[in-house]
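Here's the letter readout for the chains.
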Amino acid sequence: MSHERYEMVVGLEVHVQLKTRTKAFCGCSTDFGAPPNVNTCPVCLALPGALPVLNEHAVQLATRAALGLGCKIDPVSIFARKNYFYPDLPKGYQISQFDQPLATGGSLVIGKREKGGDIQVGITRLHMEEDAGKSIHDRYPGATAIDLNRAGVPLIEIVSEPDIRSAAGAGSYLRTLKQILQYLDVSDVSMEEGSLRVDANISVRPHGQSKLGTKTEVKNMNSFSGVEKALESEFERQCAVLDAGGRVEQQTLLWDGTREAVRPSRTKEGSHDYRYFPEPDLRPLMLDGKWIDHARGDLPELPEATRKRLVEDFGLAVVEVEQLTTTPALAEYFEAVARASGDGKGAYNWVMGEVMAALRGSDEDIGRFKVRPADLAQLLSLVRDATISHTAAKRVFALMVETGKQAAQVAAEEGLLQVGDEAAIATWVNEVLEEHPEEAKRYLSGEKKLQGVLVGFVMKKSKGRADPKRVNQLLSARGG
Amino acid sequence: MSVENYTQLGAAAIASSVRAGQVLPADLIRASFKRAADIGAGPDELNIVLYADEKASLEEAEEIQNRVNSAADVGVLAGVPVAIKDNIASLGLPTTCASKILKGYVSPFEATAVTRLRANGAMIVAKTNMDEFAMGSSTENSAYGPTRNPVDVRCVAGGSSGGSAAAVAAGITPIALGSETGGSVRQPAAFCGVVGVKPTYGRVSRYGLVAFASSLDQIGVVGRSVDDAALGLEVIAGFDKMDSTSSEVDVPIYRLAALGKPAPEAHDPDTEAIRIGRSPVPLPPPPSPHTLEGVVIGKPREYFPDSLDTGIRDLCERALERFRSMGATIRDISLPRSPLAIPVYYILAPAEASSNLARFDGVRYGLRVDPGKGLKAMYEATRSAGFGREVTRRILLGTYVLSAGYYDAYYKKAQAVRTLIADDFRSVFAAGVNAIFTPTTPTPAFPIGAISDPYEMYLNDIFTVTANLAGVPAISVPIGRMRRLPVGGQIITAHFDEYTMFRVAYALEAGLGREAHQ
Numbered sequence: 002m003s004h005e006r007y008e009m010v011v012g013l014e015v016h017v018q019l020k021t022r023t024k025a026f027c028g029c030s031t032d033f034g035a036p037p038n039v040n041t042c043p044v045c046l047a048l049p050g051a052l053p054v055l056n057e058h059a060v061q062l063a064t065r066a067a068l069g070l071g072c073k074i075d076p077v078s079i080f081a082r083k084n085y086f087y088p089d090l091p092k093g094y095q096i097s098q099f100d101q102p103l104a105t106g107g108s109l110v111i112g113k114r115e116k117g118g119d120i121q122v123g124i125t126r127l128h129m130e131e132d133a134g135k136s137i138h139d140r141y142p143g144a145t146a147i148d149l150n151r152a153g154v155p156l157i158e159i160v161s162e163p164d165i166r167s168a169a170g171a172g173s174y175l176r177t178l179k180q181i182l183q184y185l186d187v188s189d190v191s192m193e194e195g196s197l198r199v200d201a202n203i204s205v206r207p208h209g210q211s212k213l214g215t216k217t218e219v220k221n222m223n224s225f226s227g228v229e230k231a232l233e234s235e236f237e238r239q240c241a242v243l244d245a246g247g248r249v250e251q252q253t254l255l256w257d258g259t260r261e262a263v264r265p266s267r268t269k270e271g272s273h274d275y276r277y278f279p280e281p282d283l284r285p286l287m288l289d290g291k292w293i294d295h296a297r298g299d300l301p302e303l304p305e306a307t308r309k310r311l312v313e314d315f316g317l318a319v320v321e322v323e324q325l326t327t328t329p330a331l332a333e334y335f336e337a338v339a340r341a342s343g344d345g346k347g348a349y350n351w352v353m354g355e356v357m358a359a360l361r362g363s364d365e366d367i368g369r370f371k372v373r374p375a376d377l378a379q380l381l382s383l384v385r386d387a388t389i390s391h392t393a394a395k396r397v398f399a400l401m402v403e404t405g406k407q408a409a410q411v412a413a414e415e416g417l418l419q420v421g422d423e424a425a426i427a428t429w430v431n432e433v434l435e436e437h438p439e440e441a442k443r444y445l446s447g448e449k450k451l452q453g454v455l456v457g458f459v460m461k462k463s464k465g466r467a468d469p470k471r472v473n474q475l476l477s478a479r480g481g
Numbered sequence: 017m018s019v020e021n022y023t024q025l026g027a028a029a030i031a032s033s034v035r036a037g038q039v040l041p042a043d044l045i046r047a048s049f050k051r052a053a054d055i056g057a058g059p060d061e062l063n064i065v066l067y068a069d070e071k072a073s074l075e076e077a078e079e080i081q082n083r084v085n086s087a088a089d090v091g092v093l094a095g096v097p098v099a100i101k102d103n104i105a106s107l108g109l110p111t112t113c114a115s116k117i118l119k120g121y122v123s124p125f126e127a128t129a130v131t132r133l134r135a136n137g138a139m140i141v142a143k144t145n146m147d148e149f150a151m152g153s154s155t156e157n158s159a160y161g162p163t164r165n166p167v168d169v170r171c172v173a174g175g176s177s178g179g180s181a182a183a184v185a186a187g188i189t190p191i192a193l194g195s196e197t198g199g200s201v202r203q204p205a206a207f208c209g210v211v212g213v214k215p216t217y218g219r220v221s222r223y224g225l226v227a228f229a230s231s232l233d234q235i236g237v238v239g240r241s242v243d244d245a246a247l248g249l250e251v252i253a254g255f256d257k258m259d260s261t262s263s264e265v266d267v268p269i270y271r272l273a274a275l276g277k278p279a280p281e282a283h284d285p286d287t288e289a290i291r292i293g294r295s296p297v298p299l300p301p302p303p304s305p306h307t308l309e310g311v312v313i314g315k316p317r318e319y320f321p322d323s324l325d326t327g328i329r330d331l332c333e334r335a336l337e338r339f340r341s342m343g344a345t346i347r348d349i350s351l352p353r354s355p356l357a358i359p360v361y362y363i364l365a366p367a368e369a370s371s372n373l374a375r376f377d378g379v380r381y382g383l384r385v386d387p388g389k390g391l392k393a394m395y396e397a398t399r400s401a402g403f404g405r406e407v408t409r410r411i412l413l414g415t416y417v418l419s420a421g422y423y424d425a426y427y428k429k430a431q432a433v434r435t436l437i438a439d440d441f442r443s444v445f446a447a448g449v450n451a452i453f454t455p456t457t458p459t460p461a462f463p464i465g466a467i468s469d470p471y472e473m474y475l476n477d478i479f480t481v482t483a484n485l486a487g488v489p490a491i492s493v494p495i496g497r498m499r500r501l502p503v504g505g506q507i508i509t510a511h512f513d514e515y516t517m518f519r520v521a522y523a524l525e526a527g528l529g530r531e532a533h534q
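Going down the list, the sequences are from chains A and B.
Heads up, the final residue of the first sequence is numbered 481 in the numbering used here, and it's a clean run with no missing numbers.
Heads up, the final residue of the second sequence is numbered 534 in the numbering used here, and it's a clean run with no missing numbers.
Hints in this document: simulated from the structure, not taken from any laboratory.
Any given hint could turn out to be false.
Heads up, simulated DSSO-like pairs for lysine-lysine below, C-alpha to C-alpha not over 27 Å straight-line [to be verified]: (1) K442/A / K406/A; (2) K135/A / K392/B; (3) K277/B / K315/B; (4) K179/A / K230/A; (5) K462/A / K450/A; (6) K230/A / K135/A; (7) K461/A / K450/A; (8) K83/A / K257/B; (9) K135/A / K389/B; (10) K257/B / K20/A; (11) K346/A / K291/A; (12) K230/A / K83/A; (13) K83/A / K429/B; (14) K220/A / K20/A; (15) K461/A / K449/A; (16) K83/A / K428/B; (17) K216/A / K230/A; (18) K220/A / K392/B; (19) K291/A / K73/A; (20) K442/A / K346/A; (21) K392/B / K119/B; (22) K442/A / K464/A; (23) K179/A / K212/A; (24) K83/A / K392/B; (25) K113/A / K309/A; (26) K277/B / K291/A; (27) K470/A / K395/A.
Turn these sequences into a full structure, and let the hints guide you.
What follows is the structure, encoded as structure tokens:
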């Protein structure tokens, strides 16, 4: 098998749309899903005489992303024009950054090695640029339609070092990157909506060789698993080429998700000469040290730190906090419940159990979930001080999701408050013993294992309100 | 006074008559259109005006009159007819850059400079002819035919703002907007015997100026007199948030430079009333041996080569003599890197142009020629049909110098030399020179069709292009005539020191008097 002889070498270029209200160089809205060409103006339509003006919010978000990825911000960066003709590129050039990008030299930890130690992927650079519009080829027969709503939306391009050695590693890198960008709140990072796009550079070389092989660029993947599949497929293809004594040709390939194979792109690599030069319509971007320090100070807590803290504060296991920190909203929700209830383990069980199940059912976002953390914490407290039973609590929760009411109110209305009253429980116990004479006889004559069954009958009779502890005590006393 | 006579007045005098209700803006419009018709400004004769709409201009005039009637501050240009170069976006009239590729294109937005003119009471009466996309020095590269020089119709009007210079010289308007990339306002102003000013890079917003070479482009003003040019620039200058390269440096009232004194403090309340037209500029004293007292004028040897036409040299010497007689000190100076300016310019300007003109692709607006053989064929057919020879030449040149493998040798090196050229100017001004005086052009206007070699044509910009590369302000003022053709003298000052430039220009104009046109 070829892949045993060869090592995969991958570097990823990730384009991320920044979450600004307006475009990078004009005041047009960045809303996704507006009717075609509605969010346009003289600047993003490239009408004669229009000029770009840099959106400061885009600079703030790009800087935050760069700092969050451990990059060094260059106090002076230069916008450059990347020249090429395409109908969805109105100016005939894209405003980007070339030889003086906003930031360089970051890294991401994407996992642990078997023998310990972090698996790190270097980040070569992070630069700002603008998005192009969309060409729609399949809408009108024989014609291409152009939608320029997206033209000029701010992007950052994050270029990794060729440090990734497997398709799974690429997946880990992307998931880690996505998670960090979510925590930084700089982008919607949705591959479906196109706010995160991935191009992969891949080459192979025999194990132990330090020289890099000839790379190909694979584009057009629309999910992280698509990226992984595309890399596996291209790896196999390159290995087969080498095994057959051939040479890998440098080219751009498109991933076909339905056929699960790559095919050559129509544009030949190397035929592009982008003729970069400094954008004369924009001054160099100067960021002073204080401003950068301030941005650094304003960074939110990143997932790694959150995980560490949750382990320390709530005594949770590493796998548990990994689940809880998938998204910042989930971690935030969990932490609010855990703090308000003072019960980390209980909060974990409820959030990962009932809450996630309810969310899966409703497709709702946890940030807007009807049961707020304080409400769930109250429910947890009711369980802990035995006001309601665990069984009843699940019903209460379901009703809270349904009605939006508070836990105590629901429990009272539904008559689910736990009964600790000795006399009431004794009555239920007596009734159960009478209604089940066979079991009663066997139990009273010493068949202890029947106690559980009897407790169950009592709980059922009391509709879950009886305090199981007291029921057990009473039965034990009788069982003598 | 008849309305025709009003059109011979300076812009400031016209505006004060309009504000005083002595003349109706509508009559000024009619007079302007009559003058254009009389002189033959249309396509078959002098070919100065590409687009005009008398009815729309009359409506504009009515609005101005309403503002006068309502006793509002109409502005320093109340009722002044102004012509606009065809590469500056204006509402109403087309903006075609004298190119076939933009035939019929009407901009849905307006250049900041034009908006400021209108806000100060000016009325836009015409879009003027030019070299296509401002590429040329004779207006012969217009897709709509060359402009003829009103002084001598056999000759070119200069370029690329030939139509704007000719419009002012012909008396159609006292003020016109032009644009500069390498001398395109000063050179035609010199050829037509009027005043042309290119401000400091960043002084006037480029928003709405169709880009040729963004790092060099500036909107400039043609005026019948120094005062017209000063007034026009005063109105359009200043920061604009729509142009990131525009400057926040305060704009002095340039007309006060006529008084021969240093600029008053910014925002001085007495002078601010002058800015909005409530008070007039005090009458300047007649020229005297004190007019330019303390002013050091540099005479750079590189701009007076042995090969310089003796007619031009003599007129420059007369102007320098006049400076001396008004108390200025003339100092021989050197700007040693200036002789490199033409090659540097013809690398940088085409490089930027090749990118700036990429948007004319037949996709969204303007000409589209589609042979039905796919996208690339559409691009090629559209751009081949839409662009003229000189524009095509510069796009090819610019594409070449930016190409992989050539970038360092051409573009990067040219940028480095550009910095050196600017350094020359900085060190001269730092050494105590207040203004530099040179000829504007190496020759007066030449006959239409006389220059066919592009490089020979490029040499027309030899004395003007350095100010664009260095970003400093410069003005061309008439200094006399040779073989009955006008000759211009150029005054260059330090960045954002337009005030001193105007001070020296006012003095030269006053000092020469009628000789400026003899």
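- Please work out if K135/A and K392/B have their alpha carbons no farther apart than 27 Å. Since the Cα atoms of K135/A and K392/B sit roughly 18 Å apart, the hinted pair holds (cutoff 27 Å).
- Message: Tell me if the straight-line CA distance from K135/A to K389/B falls inside 27 Å.
- Response: Holds, at roughly 22 Å.
- Message: Check whether the Cα positions of K257/B and K20/A lie no farther apart than 27 Å.
- Response: At roughly 23 Å apart (the allowed maximum being 27 Å), K20/A and K257/B satisfy the hint.
- Item | Hinted pair K442/A and K406/A, Cα distance within 27 Å | Violated. K442/A to K406/A sits at ~45 Å, over the 27 Å cutoff.
- Would you mind confirming whether the straight-line C-alpha gap from K220/A to K20/A stays at or under 27 Å? holds, 23 Å
- Message: Hint check: K442/A vs K464/A, CA-CA at most 27 Å. Holds or violated?
- Response: holds, 24 Å
- Restraint status (C-alpha distance of K179/A to K230/A at most 27 Å): It holds: about 19 Å lies between the C-alpha atoms, which stays within 27 Å.
- Query: Does K230/A pair with K83/A here, judged by a C-alpha cut-off of 27 Å?
  - Reply: Not satisfied, since the Cα-Cα distance of roughly 31 Å exceeds 27 Å.
- Message: Need the status of pair K83/A, K257/B: alpha-carbon distance at most 27 Å?
- Response: Measuring from Cα to Cα gives roughly 24 Å; hence the hint holds.
- Task: Take the C-alpha atoms of K461/A and K450/A, compute the straight-line distance between them, and say whether it is at most 27 Å.
- Result: holds, 18 Å
- Message: Just to be careful, I want the Cα atoms of K230/A and K135/A compared with a cutoff of 27 Å; is the pair within it?
- Response: Holds - the C-alpha atoms of K135/A and K230/A are around 26 Å apart, at most 27 Å.
- Does the alpha-carbon distance linking K291/A and K73/A stay inside the 27 Å limit? holds, 14 Å
Hint compliance for this structure: hints 1, 11, 12, 20, 23, 26 are not met, and every other hint is.
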